[in-house]
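Participant: Each chain is listed here by its residues.
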Amino acid sequence: MEAFAALLDALVYTRSRNAKLKLLADYLRETPDPDRGWALAALTDGLDFPAVKSSTIRNLLTERIDPVLWTLSREYVGDSAETASLLWPEPAEAPSPPTVSEAVDALSRMTRANVMVELPRLLDRLDANGRYALLKLATGAMRIGISARLAKTAFALAFGVAVEDVEEHWHGQTPPYTPLFDWAAHGAEPPNSDDLPLFRPFMLAHGLEEAQVDLADYAAEWKWDGIRVQVVRAKGENGGGETRVYSRSGDDISATFPEVAEALHIDAVLDGELLVRGAHQGGEANDRTQGGAASFNALQQRLGRKTVSKKMRGEYPAFVRLYDVLILEGQDLRPLPWSERRAALESLVPRLPADHFDISTVIPAADFAELAAIRERARDDAIEGVMLKRRDSPYVAGRKTGLWYKWKRDPLLIDCVLMYAQRGSGKRSSFYSDYTFGCWDGDPDQGAELLPVGKAYFGFTDEELKWLDRHVRNHTVNRFGPVREVDKSLVFEVAFDSVHASKRHKSGLAMRFPRISRIRADKPAHEADRIETLRALIRD
Amino acid sequence: MGREPLGFPPHFRNMTRDFSWIRPEPWGIHVVPADCWIDPSRPVDRALVTHGHADHARGGHGATFATPETLAIMKLRYATEEGAVPVPYGERMALPGDVHATWVPAGHVLGSAQILLEHAGERIVVTGDFKRRADPTCPPFEVTPCDVLITEATFGLPVFRHPPVEQEIAKVLSTLAANPDRCVLVGAYALGKAQRLIAELRRAGHHDTIWLHGAMERMCRLYEDLGVDLGDLKLVSDTGKEQLAGSVVLAPPSALNDRWSRRLPDPITAMASGWMQVRQRARQRMVELPLVISDHADWDELTQTVKDVNPAETWITHGREEAMLRWCELNQRKARALALVGYEDEDD
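Residue numbers (our numbering), protein chains in the order written: chain E, 1 to 540; chain C, 1 to 348.
Careful: at least some of the hints might be erroneous.
Stated by the list, open to error - A short, non-exhaustive set of chain E residues, derived as facing chain C with CB atoms under 8 Å:
(1) Leu11
(2) Val12
(3) Gln422
(4) Ser425
(5) Ser429
Simulated from the structure, these hints should not be mistaken for lab results.
Just so you know, even glycine gets a beta-carbon here, dropped at the ideal spot from N, CA and C.
Using the sequences and the hints, build the whole thing.
Facilitator: Here's what the structure looks like:
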């Protein structure tokens, strides 16, 4: 438990991703089984002890300390586990801390009837940091910024294995993941999981940049602006058939899109774009017989919900536009060339319910120049750009050079005025590197004001950052904690993918992917764009 | 606060003393018969000052009574000695109106004192800021029996239990050893905390050069002039990045994440403060190595002090007074909060 407590503390105070990865990897390498597996589960919120709740902690403490003092302390510290760890009486004898496995074992055996007796026994064996770690582990409220992806990357780093392999084998495993450690650390066979509805790592694309490709070798498809999903159906543990919808990061989002999960009745692993139906007709060059897709903004109404009402399902009906098929009725198609998988997908789609599945059509362009012209004309909000896929390439996890390219639509540009700046974190902690910028709400020469329209913290070089930092410091007119307001003199050319109506912002607008495209120190602020210019670009 | 105490010990029950010769006002404590003010936050004719921190020792008074060390600190800060009246520890000084005042060590920083006031057979002690733990840079707190204890409560919550200072110093030294290419940049209050930290590092056997931010220099030199040995100190501005690798660098908290720190070799940011006990406070300050080192009494020291002094009444000047009031209530001790303004506790 001491090593886990030390890890937890170090993670709390570490901001850089690389430093977090190293801390985690070192811990996973050096800690014995099954402690490391339990710790990994705890860090990625994979543990649940029904007998221990946040209210258990409060009840335990108010048996030992005046409730008023507890409440004052809890309010000040802002976290029940930490407050309790500090208030718990120091044990009279030097503690003999339990291992993580012992603690997990004891916690999982606790019931509502005995938790008030058993939990104190564990707490009495730990110092303040240990108590904090135990209570965090027990209540499953880590909140220390360890995503599943980060944990998997650290796991791969610890044992020198590919993160895609970790992704593939991880799913279907339960804490303490002993077969996974046996495989990565001791070279055992990877865990077998053919019958489970598991996530398979996605194949990803590189940006095309300035390159051109020959359409004899590459097929072109629209890059739809939804979320990339994998829909999986397998026999399942009881053979009855289980379906899952996974997001790009491998999170199970089946509960958010139940209609999609329910619609797949064939054992398969499918790759596609999750979209909602809408007025947009799905791209000029796309098959017009298909139903239309709405912009990302419409899809956003459905994201992040744990349950979804009938009304929601009716107003924003979700469907998947399929890109690829990885596994079909027990056969792994991933080693086959794209052209053969595409043929399999085309014959599969008619067997799927049309309400919830259609196919992303191939753009009929004779050569690259024609494709460029088609892409240039595409002004549909549901389209982000064009994908280019090598016709003879297998489906491989991750981003392999030369196989898939994404060729995004050119960004929209607008000139904004810098209004506020905030210091960054980590390497940028002494630099003002997060910028809020605005557009004029009318004619600036007639007394119009700037309204904030967005925030960006990338798009500039290190040299430009130094220059911007100096600019902010020399033009500060007001300070609000970590934020500085500057005189409204500097113009940014801001690039963004799209803009949507938003009630959350005073300007009534929300930009998607804004970044600083150029610093226009040459341009006077009153020549920056007006809100109405930006509003005209809305296409909801 | 409006909360009625549960009851008083029997021998106080029938007492009608109201200690009206001492009157707390928002800007300081008024000693009425002597027309003196303790740690006033606005200029007055006669000020009795407990210690040199800027929120307690302000300039511009007609006469300032304080220990010689505190006056030296104030002279450094305000560049004037006008009206300074030095009072050594333990000397019982007569003030107008039949008031006597004695400065008693408070153990907070060099020169820090509690002030014992005597009038008409009653004794009132104003602790100023204090701590009960040993500090190599100043004499220890002395328990002074009195009728009214006017105490601070900066860390007046039971979650504040400061660990032994040796444990925190060991963290600095092991971090240094594990990162020979980097430096440990410690944010510390320029008066008191910085010198105590240096003295404790020396006590733990660390005799390398300790590098200072320019704002630390004069106070460290003053401590040395007043007899506190701090070993080899140099200014960061006098050297290059290479020389700072593997060293301790001290700076005021405000400089930690500022441009100044860019001249340091990949610093590990530490902060020495009682607030570092709370993880989110440390995170908010972007601290990687929190050091729970405080020059204030923690909860156990505060409550122990009330028990040791055993006053008829406890008045609380500043800090987290609600919890202290509650503790007094639970322990049948008469208490009140004074709600003085202008005392800051953010950087301790």
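Participant: Could you run down the list of hints and mark each one as holding or not?
Facilitator: Cross-check of the supplied hints:
no.	hint	verdict
1	Leu11	violated (11 Å)
2	Val12	holds (5 Å)
3	Gln422	violated (12 Å)
4	Ser425	holds (7 Å)
5	Ser429	holds (5 Å)
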